[in-house]
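Turn these sequences into a full structure, and let the hints steer you where they fit.
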Amino acid sequence: MIVYLFILLAVLAIGSALAMVINKNVVNSALFLVINMVSLAGIYLLLNAQFLAVIQILVYAGAIMVLFLFVIMLLNVEDEEKLFDKFRVKYFLAFILGAAVVGQIFYSIAGVTDMLPEISSNMAEIGTVEEAGDVLYTKYLLPFEMTAILLTAAVVGALMVAQYKIKKG
Amino acid sequence: MDYLGDLQAFLPGIITAVAGLAVITIEALKSGHKSAYWVTSFSLIVALFFGIQSLGTPLQEAFSGMLVHGGIAAFGNVIILLGTLFCVFLSNDYLEGIDHNYNEVYGMILFATSGMICLAGANDLISLFLGLETMSICLYVMAGLIKNEKQGAEGALKYFLLGAFSTGFLLYGAALLYGATGTTSIPGIGAAASSDLLFLAGAALLLIGFLFKVSAVPFHMWTPDVYQATPTTLTAYMATASKAATFMAMILVLSRALPSVEGLDWQAVLSVVAIITMIFGNIIALVQDNIKRMLAYSSIAHAGYALVGLSAATPEGYSAVAFYLFAYTIMNVGAFGVVAYYERNKGLDFSDVNNLAGLGFKKPMMGVMMSLFLFSLAGIPPFVGFVGKYYVFAAAINANMVPLAIVGVLASAASVYYYLRVMVYLYFREAHKETEMIDASFLYKGALVILALLTVYYGIEPILPFGGLMELITGF
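Residue numbers (the numbering used here), protein chains in the order written: chain A, 1 to 169; chain B, 1001 to 1476.
Bear in mind the hints are in silico, worked out from the structure with no lab data behind them.
Note that the Cβ used here is the ideal one computed from N, Cα and C, for glycine as well.
It is possible that some hints are incorrect.
To be verified - Covered by chain A, according to a simulated footprint, are these stretches of chain B (three or more residues, beta-carbon under 8 Å): (1) 1013-1025; (2) 1063-1070; (3) 1076-1082; (4) 1136-1142; (5) 1195-1203; (6) 1296-1310.
Said to hold, decoys possible - Derived lysine to any residue pairs resembling SDA-like cross-links, with alpha carbons at most 25 Å apart: (7) LYS139/A x GLU1430/B; (8) LYS1362/B x GLU1430/B; (9) LYS1292/B x PHE1280/B; (10) LYS1030/B x VAL27/A; (11) LYS139/A x GLN1060/B.
To be verified - To give an idea of the chain B side of the interface with chain A (calculated C-beta under 7 Å), a few residues: (12) ILE1045; (13) GLU1104; (14) PHE1111; (15) ILE1126; (16) SER1127; (17) GLU1133.
Written out as structure tokens, the structure is:
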């Protein structure tokens, strides 16, 4: 049962990802990305990572997608349709490089399949909010706090860069 | 878990991060209030105090293996905090002079410093990446501080795009290392190292990311433009503290995560990079008329010297690099500080070496200090630059890398030309035009004098019967 669900979601995820890249209309691409993210959230659920699944939908499919669509509408992107008009050496090189990266990923997955844990009942506990919070505030406390500093710095920095002339008091 | 002990171990980082938040809050409540600057200097002094206190303690893990403290990491913290403190002292006057003294800058400096401290003590790829990113993001913002000139925007954008690209390399390398070993902990990676293709690719990509951040050739293209566009005292910060932090992280990663397995000969890779970096940096610096660009190429060359010590891959080599970073930080902040002083004067573009003609006699104190820092950068005894280079090259020779040391010494000899050229202009050329020179503030002069004293003191320290900074580092 779970295997069939997984295959369904995986096909949906890969298919929508391809459709997103190939589609010429930017808004359609963005909507395909939503399908991709939702199906990824489904895969997380299958792995018993409930917390991650909820966050995936709330943050990515929700907040970030709205931002995407806003930017697309504000910028009025139209040039993208010309992307596939001409075949260039640059695209060819990019294709080879991309293929190399994909090959590397497959190689690494193939090399460590035995390391992947079996989905078992105690994994259900790992994915819960309690477990995630527990690990986040004990083992990963320093990275968690460092991320807070990083994001604060990024927000303040972005405001500094965006202002044409910073007001002096 | 011993949280209190962990907090104590990371105290300098916590102090700088909290002070950064305080500075941002002050700016939000009272825009442009002077207290932000005082909070910054005070917190850095306190952090430096705690940093010095932990010198000489053994290397220990903290935060469940996310971080190491004590040992060489403590020394790294001291270098970073020392460099930052002096840059802040110099920045206040300089930024006031160019009318860009925003309190947010101090917040950015503090956040970046806390990122550097995290980076210099990283014991896990996660904390390494977070430290590096916190540092880099703040530096991108500083590079784009001067917005009304095209140059500033260009430099900042270039730095941001190339920096993001190099972070991609580093992250992909980290992902591959995780894929190959199944852990992100640096000692854990070292224990599970193999000559697996995946592991080698991961190590190579990680090294590329690092080499970009220390601007080693061939990953240096951003350096001159960015250094020229950034306000000079912040360039000093960028060139010293951030490089010191990255080199410290490199020492920790190279010595603990990448043991010599078959096929992973990073010593050879680093020595080749060191040779081309030293040659390239010094040769291009010979023809630069703009002092900031000259110092940028010189900082590329100095990264090459530090790489010589790293490629020796012995404890002696690592401690030589740590000492070299210390030397480089104090003399380079000093040199940039004097350049910043000249630049503040209106009328002529004082970053052009031709316009410095005759200024040595006009402002004798600044002229003497400029010469002193440049002599030290050139590696002439009895200044600290010479001692640093001596340790680095000695480590290379002891590790049977004589050709590397020979190239280093020759490149260093060539560098004397462009450092002396500035002094020739300062003292042996007639001024083109009479210009009014402003007086530097007491604090500005004081900071430069202390840096000059440190440069001289640690230059003669190895032959003094007491002291022994090098013994302190090697003891780790």
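*Structure versus earlier hints - violations, ascending order*: Of the numbered hints given earlier, those the structure breaks are 3, 6, 7, 10 and 12, listed in rising order.
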